[in-house]
Each structure stands twice: as C-alpha cells, then as structure tokens.
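Residues per chain are reported as follows:
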Amino acid sequence: MLGSVKSLFRRQYQEVKAVDGVSFTIDEGELVGFIGPNGAGKTTTLKCLSGLLYPNSGIVSVLGFNPWQRKTEFQKQFALVMGQKNQLWWDLPAMETFILNKEIYEVPNEQFKKTLNELTRLLEVEEILKIQVRKLSLGQRMKCELIAALLHSPKVLFLDEPTIGLDVVMQKKMCDFIKEYNRRYKATIILTSHYMGDVKELCERVVIIDKGKIVFDGKLEEIIKKFADHKIISVTLAKEADPKKFDEIGKVEEYDYPRLIFSIKRKDVPGVAAQVLEKLPVADLNIEEPSIEDIIRELFTGKNYV
Amino acid sequence: MSKYFQVVRNTFQEYLVYRLNFIMWRVRTIIQFLLVYFLWLVIFQNNQVVFGYEKAQILTYILGVWVLRALVLATRTDGVGGEIARGDLSLYLLRPISYIKYWFSRDISDKIFNIGFFIVEAAILIFLLRPPLVFQANLLLILFTLVSIVLAALLLFGLSFLLGLHAFWAPESEWGGSRFLFNIVLEFLSGGLFPLDILPAFLFKFLQILPFSYLIFFPLNVYLGKLTTVQIFQGLVVMGFWLIVINWAIRLVWQRGLKVYSAVGR
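As given, the protein sequences belong to chains A and B, one line each in that order.
Going letter by letter, the first sequence gives residues 0 to 305 in numbering that gives the first Met the number 0.
Going letter by letter, the second sequence gives residues 0 to 265 in numbering that gives the first Met the number 0.
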C-alpha cells in the first residue's frame with residue numbers, strides 16, 4: 000500500500016531483459032517445440048518472430064523478411080495463434096470473421112471454400128460456424144480461432160499454447176491436427192506448450208529456454224543423454240524388507256510396498272543392481288531412463304545447465 | 000478495399016445484435032436535443048433576436064447540432080486506447096490490414112447507422128414540434144456545408160484516433176479518464192451547446208484557431224449563410240491545415256508507439 004502511494008509521486012523503473020542472446024535457425028517443414036518455465040521468454044521470442052515486438056538489438060529473419068517491417072507478402076505467409084487472444088468477433092458467428100480474414104488475406108473464393116471445408120472437417124466444427132462466438136465453449140472457440148488463423152494457408156505457423164484449457168480428447172485432436180497440417184502443407188511450425196505430452200507427440204526437435212536464454216537445442220531424446228546423469232532402477236519386492244537396507248544400497252526415490260524406486264548415477268548402475276539382487280527379496284527389476292517430464296522439471300527447478 | 004467493406008458489414012451486424020445499447024444512445028441524443036430546444040424556446044419568448052440570432056436560425060442551429068452529432072461527433076474510436084492497452088492491437092498488427100483504416104471503416108458503419116435513425120427521429124419531431132426553420136436555397140452554400148461536414152468528420156476521426164494512441168505510454172487510458180475530458184471539452188468548444196460567436200470576441204477569435212469549432216459551429220454557420228465567401232474559404236483552409244498536422248502527428252505517434260508497444264496479455 001505504501002509502495003503504491005510512493006509510486007504516485009516518484010516512480011522507479013527497472014530494466015528487465017526478457018530474452019537475451021537467443022539464437023536459432025529453423026528449416027522449412029520442421030516442427031519445433033519451444034519450452035520453458037513460466038516467464039522464460041517463450042512468448043516474447045514468438046512476438047519478435049511475428050513482428051509485434053521491436054528488438055533492441057539482434058537480427059530476426061523469417062522467410063527472408065524482417066518481421067518488424069510487417070510487409071504484406073510476409074504476413075500473408077505466416078500466422079501466430081495465441082491460446083488466450085481471440086481474433087474472432089465476439090458477437091458474431093465465427094463465419095463472419097472467416098469471411099473478413101478471407102478478404103484481409105485476399106484468398107481467392109475457390110481456395111477459401113476448399114480450405115474452409117478441409118479445416119472444418121478435420122476439426123469437426125461444421126455445425127457451429129453459424130453460432131455467435133460468445134455462445135461457444137472454450138474448445139469450440141479455440142478450434143475456430145485456429146481455422147481463422149489458417150484460412151490463408153500460412154507456410155510458417157507459431158502456436159502459443161494451442162491446447163490451453165482443452166480436455167484430453169480435444170488436446171489429442173488438436174495435436175493430430177497440427178501434425179497433419181505440418182505434413183500436408185510442409186508448413187514450418189513452432190509450438191510452445193506447458194504440456195510435455197504435446198511436445199513429445201509432435202516435435203522431434205525442442206528448444207528449451209529459461210530466464211531469457213537458450214539452454215538446450217536439439218533432438219528430444221538428446222535431452223536425456225545430456226541432462227540425465229542418473230537412471231531409474233525400479234524394483235518389485237516379493238516380501239517386505241527393512242527400509243534401512245535400502246539406504247545402504249543407494250538413493251531411494253520412492254518406496255510404496257511392493258514398489259521401490261532408486262535413482263542411481265549412470266556409472267554406479269551395474270554395481271547397485273547387483274547389490275539389489277543380492278540383498279533384497281526381488282520379484283522383478285527394471286532399469287529405465289528417467290522420463291522427459293522429470294528431467295525437464297529438474298532442469299526448471301534451478302539446476303545448473305551444463 | 001473489399002476487406003474494409005467487410006469491416007463495415009461486420010460492424011453493421013454487430014449493431015443489430017446490440018439493439019438495446021444502440022437505442023439507448025439514440026434516446027440520449029433525442030433528449031439532448033429536446034433540452035436545448037426548450038431552453039432556447041424560453042429565451043426567445045420575449046425577444047425576437049438574441050445574440051444576433053433569430054429564432055428560426057437558432058432552432059435550425061440546434062437541429063443541425065443534432066445532425067452533426069450523428070455525422071461528425073459519433074465515433075467508435077474510443078475503443079482504440081483500450082485495444083492498445085489490453086494488447087489486442089497485436090491481432091491487427093499480425094494481419095495485412097491497416098489499423099487506422101480498420102477503425103475508419105467502423106466509423107463509416109457507425110455513421111450510416113446513426114444517420115438512418117436520425118432521419119426517422121427528426122421527421123417525427125419536426126412534425127410534432129413544427130419549429131420555424133431556415134431552409135437554405137443557395138446551392139453553393141449547401142455544397143460548402145457538405146464539404147465542411149466531410150472535412151469535420153475526418154478531423155474528428157483524426158483527433159479521436161490520436162487521443163487513443165496515447166495508450167502506448169499510458170495504458171490506464173483504457174479507463175477513459177482522458178476520453179471523458181476530451182468529450183466534455185469537445186462538446187463545449189465545437190459549439191455543441193450554443194453558437195460560439197455569442198462568446199466574448201477575443202475568446203471567439205482564439206477558438207477559431209483551434210480545430211474544435213470547425214466540427215459543428217463552422218459547418219452550421221456556412222449553412223445558415225452567416226459567413227462571407229472569404230470567411231468560408233478561410234475556415235476551409237484552417238481545417239485543411241489541422242488535417243495535415245493531425246495526420247502527421249498520427250504517423251509520428253504511431254511509429255514511436257509501436258516501438259514501445261509490448262503486446263501484453265500474451
């Protein structure tokens with residue numbers, strides 16, 4: 000409260016770098032996942048790529064254009080879909096926005112009809128095009144937003160949280176759709192999402208950003224090799240054992256009889272496995288890589304990046 | 000071009016959805032008119048000429064104010080500041096559409112709608128009240144009146160749009176504080192409450208330098224035949240001057256604004 004009053008008279012400004020030294024190149028037809036914790040700079044980067052933000056320094060080039068100049072030829076070839084911004088006219092049926100976008104992007108009649116048919120069929124929204132947007136459910140609206148953004152068949156597509164607020168069935172459908180769009184139109188897609196599921200299903204390559212800096216750029220599997228210095232040994236016990244024994248063997252991640260899970264440094268795995276078999280009543284034993292979700296969670300919770 | 004036509008069309012459809020809101024707006028302008036109308040009627044009870052105006056001239060003036068509220072003052076651009084402050088501007092920046100032309104299209108839609116309603120309302124009220132009115136027979140003056148109305152509409156659009164752009168720096172303009180002030184000043188300085196030449200001469204002279212008096216007072220005085228040809232041309236030149244200045248200011252502010260625009264709200 001005191002701070003608010005004070006700021007009425009004297010205001011202090013602080014410079015914050017939203018993104019810093021973020022460099023990457025994406026080839027035509029690639030589908031790249033862009034992940035990072037909240038406030039990492041994902042959306043900021045997408046906004047720079049879309050020409051919404053003016054970068055203080057550095058070079059941005061999309062399709063050979065400088066996005067900031069917002070040339071018509073550039074804008075006709077790309078789209079940014081923001082999960083939480085509507086371009087649909089709230090009080091009119093979605094169809095009216097589609098027609099407006101057809102005119103804005105100067106899409107020929109025939110092509111418009113064809114694209115619209117395809118998109119409405121793929122996303123199963125044929126019935127709701129004539130209903131006022133405000134009366135649609137979130138999922139239905141999201142699908143219509145996507146259609147509005149794709150009517151001009153963009154070659155480059157930035158999807159910011161496209162599955163936000165959707166149920167699991169819809170999430171799956173949206174993912175299938177994005178995959179199909181990428182395949183069919185050879186479109187280049189950058190996708191940000193908080194659901195690792197989306198990224199795992201769609202993207203071969205991921206870029207991880209944190210505190211405005213890129214911390215990883217490569218194939219999804221490589222994350223495991225690069226950041227997971229440990230493996231998971233999961234054991235099913237045949238009968239209860241003294242928990243003190245577990246700690247002597249190695250670091251216990253979780254114990255819930257009969258399941259016992261160790262997290263073990265890669266180089267120690269053979270030795271520990273042998274000890275487990277020797278000292279515990281084992282019914283079953285598995286040695287696994289940790290899941291990507293776990294690795295990324297660890298990454299985000301302040302581990303030092305190598 | 001057809002994209003802007005589609006904007007006009009969509010805006011039109013929106014009005015049809017928001018019937019109640021629109022009707023309320025029209026009722027408000029009718030009440031505004033009646034208040035001023037009866038006020039002047041009382042003033043003219045014991046006088047033939049007040050402030051150099053005859054009864055018919057004043058009544059025509061306030062009827063004219065009513066028309067120009069629909070044709071000149073009515074604007075949708077009070078939404079510009081909010082869109083910038085909320086970050087909704089991004090949706091237009093992403094698409095090959097000009098933001099200012101988009102709003103201009105919406106205003107055209109708005110004006111068509113307003114004038115349609117005005118004709119019906121005015122016909123009814125004139126029939127009921129039967130006020131003495133001035134009918135201008137000089138075609139040249141009517142032509143000049145129309146030209147000045149078009150320029151006035153452009154002038155108001157520019158001023159209002161420019162006002163909206165300050166949301167780039169002051170996002171709180173979404174709350175409409177500055178807009179409210181603008182509207183009150185506008186109402187008074189444009190001659191919407193009374194003809195400006197009843198003010199002290201020095202004040203009136205000063206107001207003639209500002210763009211506001213050309214929005215309502217000037218076109219109506221042209222119609223009433225109170226201005227010489229030289230005065231009419233002087234007025235049109237001042238309007239032209241302000242249009243150029245405002246156009247230049249919009250360009251400058253828009254370009255500067257986009258550089259500080261942070262596309263908030265994701």
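Since the hints were made in silico from the structure, they are not lab data.
Be careful, since some hints might not be right.
As the list claims (entries may be wrong) - Okay, derived cross-link-like pairs now, DSS-like style, lysine-lysine, Cα gap no bigger than 25 Å in a straight line:
(1) B:Lys100 x A:Lys84
(2) B:Lys258 x A:Lys212
(3) B:Lys258 x A:Lys70
(4) A:Lys75 x B:Lys100
(5) A:Lys16 x B:Lys258
Source: prediction; values computed, not measured.
Hint-by-hint comparison with the structure:
This hinted pair checks out: lysine 100 (chain B) and lysine 84 (chain A) have alpha carbons roughly 22 Å apart, not beyond 25 Å. Taken as a hint, the lysine 258 (chain B) and lysine 212 (chain A) pair is honoured in the structure, with Cα atoms around 23 Å apart against an allowance of 25 Å. Between the alpha carbons of lysine 258 (chain B) and lysine 70 (chain A) the distance comes to roughly 16 Å, so the proposed pair stays at or under 25 Å and holds. Between lysine 75 (chain A) and lysine 100 (chain B), the direct Cα distance comes to roughly 18 Å. Compliance with the 25 Å bound is thereby established for this hinted pair.
Taking the CA atoms of lysine 16 (chain A) and lysine 258 (chain B), the gap is about 16 Å. The hint holds against a cut of 25 Å.
The structure agrees with every numbered hint stated previously.
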